[in-house]
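Asker: All chains, please: the whole structure from these sequences, using the hints.
Here is how the chains run, residue by residue.
Number of protein chains: 2
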Amino acid sequence: MARRQKSPVASGDLDARKATILQAVVTEHVDTAAPVGSSAVAAATDLDVSPATVRSEMVALEREGYLAQPHTSAGRVPTDKGYRYFVDHLERGAVGAAQQTRVRDFFAHVRGEMEDVLEQTSKLLSQLTSHTSVVVGAGHSRASVLSAQLVNLDAHHHLLVTVFSDGTVTKHSVADAPGASAGEVAEASRQLNALLIGTTLGSRIQVPSRADAVARLVREATSALHEAAPTIEGEQVYIGGSSRVAEAFDGVETVRAVLSILEQELVVVSLIEDILDADVSVAIGSENGLEPLSACAVIVAPVTLEGETVGALGLLGPTRMRYREVMATAQAVSDELTRHFGGEPGA
Amino acid sequence: MARRQKSPVASGDLDARKATILQAVVTEHVDTAAPVGSSAVAAATDLDVSPATVRSEMVALEREGYLAQPHTSAGRVPTDKGYRYFVDHLERGAVGAAQQTRVRDFFAHVRGEMEDVLEQTSKLLSQLTSHTSVVVGAGHSRASVLSAQLVNLDAHHHLLVTVFSDGTVTKHSVADAPGASAGEVAEASRQLNALLIGTTLGSRIQVPSRADAVARLVREATSALHEAAPTIEGEQVYIGGSSRVAEAFDGVETVRAVLSILEQELVVVSLIEDILDADVSVAIGSENGLEPLSACAVIVAPVTLEGETVGALGLLGPTRMRYREVMATAQAVSDELTRHFGGEPGA
DNA sequence: ACTGGCACTCACTAGACTTGAGTGCCAACG
DNA sequence: CGTTGGCACTCAAGTCTAGTGAGTGCCAGT
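One line per chain: the protein sequences are A and B, in this order.
Quick note on numbering: the first sequence equals residues 3 to 349 in my numbering.
Quick note on numbering: the second sequence equals residues 3 to 349 in my numbering.
Simulated from the structure, these hints should not be mistaken for laboratory data.
One or more hints might be untrue.
Because identical chains cannot be distinguished in the list, a pair is counted as satisfied if it fits within a single copy or across any two copies.
Claimed, not checked - Below, simulated SDA-like cross-link-like pairs (lysine to any residue); rule was C-alpha separation at most 25 Å, straight line:
no., residue 1, residue 2
1, 83, 278
2, 125, 229
3, 125, 232
4, 125, 226
5, 125, 294
6, 83, 67
Answerer: So, in structure tokens, the structure goes:
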């Protein structure tokens with residue numbers, strides 16, 4: 003197998019000049035949105051070589067799959083693989099001072115519950131980057147019950163309100179056809195509280211099997227809670243700046259397809275999680291596995307709390323994207339978000 | 003003033019033949035998306051007149067503002083005013099049997115809290131109509147407190163959980179720097195419950211001015227609740243099928259503008275409420291008052307509970323829309339939704 | 001009042017031509 | 001041998017020029 007390859011470099015890496023040229027093509031293409039020609043590259047780099055030299059290198063880069071030509075007599079455009087190389091060899095820059103203060107300001111002034119903060123954050127992200135943003139708050143499958151309470155709404159309807167240790171609150175309506183007395187509801191509430199405190203959604207609990215009104219209410223309420231468990235454990239998703247999708251692509255059909263994906267929260271969540279699990283911070287084009295997103299790049303960053311990943315944020319734009327800036331912004335917001343929740347648990 | 007007008011009809015109404023022609027133009031244009039010519043109209047109607055006759059009528063309709071010509075030698079296209087006439091003189095048809103059963107089925111099987119139902123409904127609406135849908139759940143400014151409870155999260159953080167008579171539940175974090183004992187928190191919770199039950203968000207309540215931990219907690223909690231009041235009272239908005247926007251318009255810029263409006267929930271809510279207040283069920287083009295929506299029509303229907311409007315649903319599409327079908331669907335869903343909540347209060 | 005006839009308008013399409021950015025190849029050079 | 005200037009070639013995009021046809025407005029005849 004050895005010596006079979008003519009090129010002296012492994013396919014995973016490029017010599018310095020090819021790398022410089024590839025970077026120049028990416029940078030230029032991101033700026034202009036047009037195919038990049040050899041002379042433009044020669045002018046943009048400090049290689050001091052002629053366009054002809056650049057051309058022969060570009061032929062090689064195309065053969066190796068980093069560049070592509072829209073048609074015979076046009077300049078080159080980066081492929082997904084080209085972007086991938088670019089991103090992998092990007093020195094992570096810091097976010098600009100103006101952005102940094104905007105992010106700081108935001109987290110200094112934002113108030114309210116975690117849900118509100120996440121939603122606001124998604125708006126911030128899309129404003130800062132001009133891309134569509136996704137913020138995912140992790141489910142609370144491991145959170146335990148701090149308090150459970152049955153509240154009487156009217157003759158035949160009650161509400162089970164449950165507070166979890168991670169600060170989330172859920173409600174479940176409990177129908178009660180025969181209708182229990184106020185005292186019985188209060189007693190059921192007291193029993194439910196005692197029964198559920200400390201448990202998690204996964205744990206099985208012992209419900210009373212008696213036939214009286216109180217026991218009936220307790221059974222109804224716990225089953226409502228556990229039936230809904232899969233839904234509750236599901237992550238919350240906040241999407242900001244979906245109108246940016248229309249700016250990013252000029253084909254209406256592409257816009258429709260991307261928006262359609264964004265509407266499916268489950269798909270979005272699993273996309274983000276897949277990227278997060280693969281321990282890369284960017285998925286480019288076909289890498290994200292969804293055909294309609296083949297023209298998109300997704301940048302993700304985790305949000306951690308006490309070392310554990312409790313959420314993630316994502317930015318979705320065209321593969322032709324300012325990776326450095328957007329990645330730096332994602333990192334900065336992720337850091338601040340982590341710090342924000344770290345310093346203010348449960349809020 | 004009398005006799006000045008050559009035409010015998012007031013500008014608000016049209017003679018039978020003009021009306022028929024206008025209807026034919028609208029129907030045809032909705033189908034084909036292209037300007038409609040005189041011969042097409044002659045063929046589509048049962049007027050038994052020649053295209054030339056239709057032409058002269060169309061000239062009149064254009065002069066009166068119901069039709070417009072994209073350019074001199076093209077067919078006619080309805081103006082907003084033309085659509086308005088069409089809609090005003092539309093005999094309300096019933097929804098198709100297939101749709102009817104789909105709606106019935108949906109409400110027969112849907113479960114969960116009101117929020118979930120509304121969200122699901124918005125998806126249903128956009129599926130049924132192929133347009134973007136908006137479902138607005140009214141705020142609960144007039145709902146009274148059924149229960150208030152302070153739950154201890156950790157040493158310095160508590161959560162005020164409030165249940166309202168309309169079945170909504172809110173939470174507010176309460177920071178407590180000095181840190182109260184478990185007993186003090188329980189006592190504060192008891193006092194808060196007594197203090198808040200029966201009040202509405204608007205009403206002022208008497209808070210204890212003592213300096214002890216319990217009084218401090220009560221003060222903190224009530225102020226957190228009342229500070230957030232404007233936000234809580236705000237309506238919930240669920241938008242379904244935003245990708246449909248991309249199908250409805252072919253200009254990317256239009257798509258962007260419309261999506262951008264949809265992102266601003268406050269704007270959407272006030273748009274829907276304005277249309278609802280004006281007691282019309284449709285706003286066409288410029289009627290909706292938002293310049294970016296000048297190519298859109300919005301169809302609304304109220305959701306009532308015990309005679310009171312507690313929400314609304316809206317459908318947003320291009321002015322070139324199948325008004326009859328969409329309006330019938332909106333009506334059907336609105337009816338079922340009203341019945342659903344009517345028979346199952348608080349759920 | 002309606003109609004058929006007719007000249008006219010004008011967006012749209014197709015084909016021919018031009019332009020120019022960019023390529024691939026090659027011979028010459030250090 | 002890598003690099004370079006030169007050169008012929010390619011091809012999308014722009015510009016022109018008809019040609020086509022759907023549709024109009026007008027008018028004279030019934």
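Asker: Flag every earlier hint the structure violates by its number, smallest first.
Answerer: none
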